[in-house]
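Number of protein chains: 2
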Amino acid sequence: MNKSRALCVISGGMDSALAAKMAKNDGYDIVAVHFNYGQRTENRELDSFKKISKDLDAKITHVVDLDFFKQIGVNALTDDSIDVPITGINPGVPITYVPYRNGIFLSIAAALAQKYSAKAIYIGVVEEDSSGYPDCTKGFIDSINSAINLGLNDNDLEIKTPLIHLSKADIVRKSLQYGVKLEHTWSCYKNEESACGLCDSCRLRLKGFKEAGKKDPIAYIA
Amino acid sequence: MNKSRALCVISGGMDSALAAKMAKNDGYDIVAVHFNYGQRTENRELDSFKKISKDLDAKITHVVDLDFFKQIGVNALTDDSIDVPITGINPGVPITYVPYRNGIFLSIAAALAQKYSAKAIYIGVVEEDSSGYPDCTKGFIDSINSAINLGLNDNDLEIKTPLIHLSKADIVRKSLQYGVKLEHTWSCYKNEESACGLCDSCRLRLKGFKEAGKKDPIAYIA
Numbered sequence: 071m072n073k074s075r076a077l078c079v080i081s082g083g084m085d086s087a088l089a090a091k092m093a094k095n096d097g098y099d100i101v102a103v104h105f106n107y108g109q110r111t112e113n114r115e116l117d118s119f120k121k122i123s124k125d126l127d128a129k130i131t132h133v134v135d136l137d138f139f140k141q142i143g144v145n146a147l148t149d150d151s152i153d154v155p156i157t158g159i160n161p162g163v164p165i166t167y168v169p170y171r172n173g174i175f176l177s178i179a180a181a182l183a184q185k186y187s188a189k190a191i192y193i194g195v196v197e198e199d200s201s202g203y204p205d206c207t208k209g210f211i212d213s214i215n216s217a218i219n220l221g222l223n224d225n226d227l228e229i230k231t232p233l234i235h236l237s238k239a240d241i242v243r244k245s246l247q248y249g250v251k252l253e254h255t256w257s258c259y260k261n262e263e264s265a266c267g268l269c270d271s272c273r274l275r276l277k278g279f280k281e282a283g284k285k286d287p288i289a290y291i292a
Numbered sequence: 071m072n073k074s075r076a077l078c079v080i081s082g083g084m085d086s087a088l089a090a091k092m093a094k095n096d097g098y099d100i101v102a103v104h105f106n107y108g109q110r111t112e113n114r115e116l117d118s119f120k121k122i123s124k125d126l127d128a129k130i131t132h133v134v135d136l137d138f139f140k141q142i143g144v145n146a147l148t149d150d151s152i153d154v155p156i157t158g159i160n161p162g163v164p165i166t167y168v169p170y171r172n173g174i175f176l177s178i179a180a181a182l183a184q185k186y187s188a189k190a191i192y193i194g195v196v197e198e199d200s201s202g203y204p205d206c207t208k209g210f211i212d213s214i215n216s217a218i219n220l221g222l223n224d225n226d227l228e229i230k231t232p233l234i235h236l237s238k239a240d241i242v243r244k245s246l247q248y249g250v251k252l253e254h255t256w257s258c259y260k261n262e263e264s265a266c267g268l269c270d271s272c273r274l275r276l277k278g279f280k281e282a283g284k285k286d287p288i289a290y291i292a
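Chains as they are written, first to last, in our numbering: chain A, 71 to 292; chain B, 71 to 292.
Derived from the structure by calculation, the hints contain no laboratory data.
The structure displayed is predicted, hence computed values, not measured ones.
Please note that a few of the clues may not be correct.
Put simply, identical chains are the same to the list, so a pair is met inside one copy or across any two.
Calculated cross-link-like contacts (lysine to any residue; reagent style SDA-like; alpha-carbon spacing at most 25 Å) [claimed, not checked]:
| hint | residue 1 | residue 2 |
| --- | --- | --- |
| 1 | LYS260 | ASP212 |
| 2 | LYS124 | ILE288 |
| 3 | LYS284 | LEU252 |
| 4 | LYS208 | HIS235 |
| 5 | LYS124 | ASP224 |
| 6 | LYS140 | ASP224 |
| 7 | LYS208 | ASN219 |
| 8 | LYS94 | ARG114 |
| 9 | LYS129 | PRO232 |
Please model the entire structure based on the sequences and the hints provided.
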């Protein structure tokens, strides 16, 4: 009997690598999907996606180029005129918030799920221990899941968020437990060679490793 | 005092031209947005968009290229291996349904609304007198409107669908009443020079003109 397929949105970071590994453990064949959206670290993230997809033995990989995010701008990841903040995490929605990025990603993923007859979408969003992006909340995911099932030809697509309530330390621990190769993941917002260690994404990642009592295998600027 | 801005999704057809004209009459400054998505009549629709935007005196125009729809395929508008049906409108969702197209368009429109500080999105979806696409229903629009306000940084964006319950005859009548230049619009799914008159979109358009007792100003194949 053929397994059901799950479409996994894989950015190349730890969270999406673990979420996709969980999909595999849940018994799905993996359709690995990645979005190039003109972000600063596009090449490094794509490289991580390829390694993670290989680690997962994904049956199908699909890379989508979204050049228009550069036109949208108004955020530090796709607009080169806005610096990535490196002074620490503050309350509120940070300038690294790319407007409605996950909404756009999930909408395209929904169309691809129809193409590939996938029954579930896995996405590694984290609500509490994160940068505070509004499109990473359980409320948002549930709401867009309803909208997608109304707007699609099929109406039984389920968006799964197995990491939504985990801390970054939980994510590090579970990744090691599930055998995710964290050396293949990339989180830094700024750099593609050695991680900066100072942007919000590096800080969250390093905090997770520290709290889990583990050493991050990727290279940081000394 | 500056007027509020409305972002109008304008395909180049009658419906979106009228919806955008209504936005203008409602007192908004118009941000005219068009999506090239690899559909068969991409060039002709873009040409219509430019004319309609000029007719509206749109303050901002924004064209988004979405090449990935060609990769999604599984529909007759973006997959050249699937013929556009010309034998008449049937019940059910037709093969011209592009998976989650309006969901994807509205998601990108939401991000652009944040960029341009628009308070409303106008879209010319029609529920009853239409091709039966699931992403053209009031239920879907209300649902994605909620999702967008949860996922965006702002939470007061309103998606307006002034045509949702109109018939095609109503749309023809109102377009003439509002002074929409219907000669600048394009509906045919198949052709870019003279409309085929046989695809679902041509049939719906011609039925609207017939029921309204008016003559369609665009050219059809004899």
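Hint check:
With identical chains, the CA atoms of LYS260 and ASP212 are never at most 25 Å apart, being 31 Å at best within one copy and 38 Å at best between copies. Within a single copy, LYS124 and ILE288 get their C-alpha atoms as close as 18 Å, which meets the 25 Å cut-off; across copies the closest is 53 Å, which misses it. With identical chains, the CA atoms of LYS284 and LEU252 are at most 25 Å apart within one copy only, with a shortest distance of 11 Å there and 66 Å across copies. Taking the shortest alpha-carbon separations for LYS208 and HIS235, only the intra-copy value of 9 Å comes in at or below 25 Å, while the best inter-copy value is 33 Å.
For the homomeric pair LYS124 and ASP224, neither the shortest alpha-carbon distance inside one copy (29 Å) nor that between copies (38 Å) is at most 25 Å. Only between protomers do LYS140 and ASP224 lie at most 25 Å apart by alpha-carbon distance; the minimum there is 20 Å, versus 32 Å within a single protomer. For the homomeric pair LYS208 and ASN219, the shortest alpha-carbon distances inside one copy (17 Å) and between copies (14 Å) are both at most 25 Å. In the homo-oligomer, the alpha carbons of LYS94 and ARG114 lie at most 25 Å apart inside one protomer (24 Å), although the nearest pairing across protomers, at 45 Å, exceeds that limit.
Proximity of LYS129 to PRO232 under the C-alpha cut-off of 25 Å is restricted to the intra-copy arrangement: shortest distance 21 Å within a copy versus 44 Å between copies.
Violated hints, in rising order: 1 and 5; the structure is consistent with all others.
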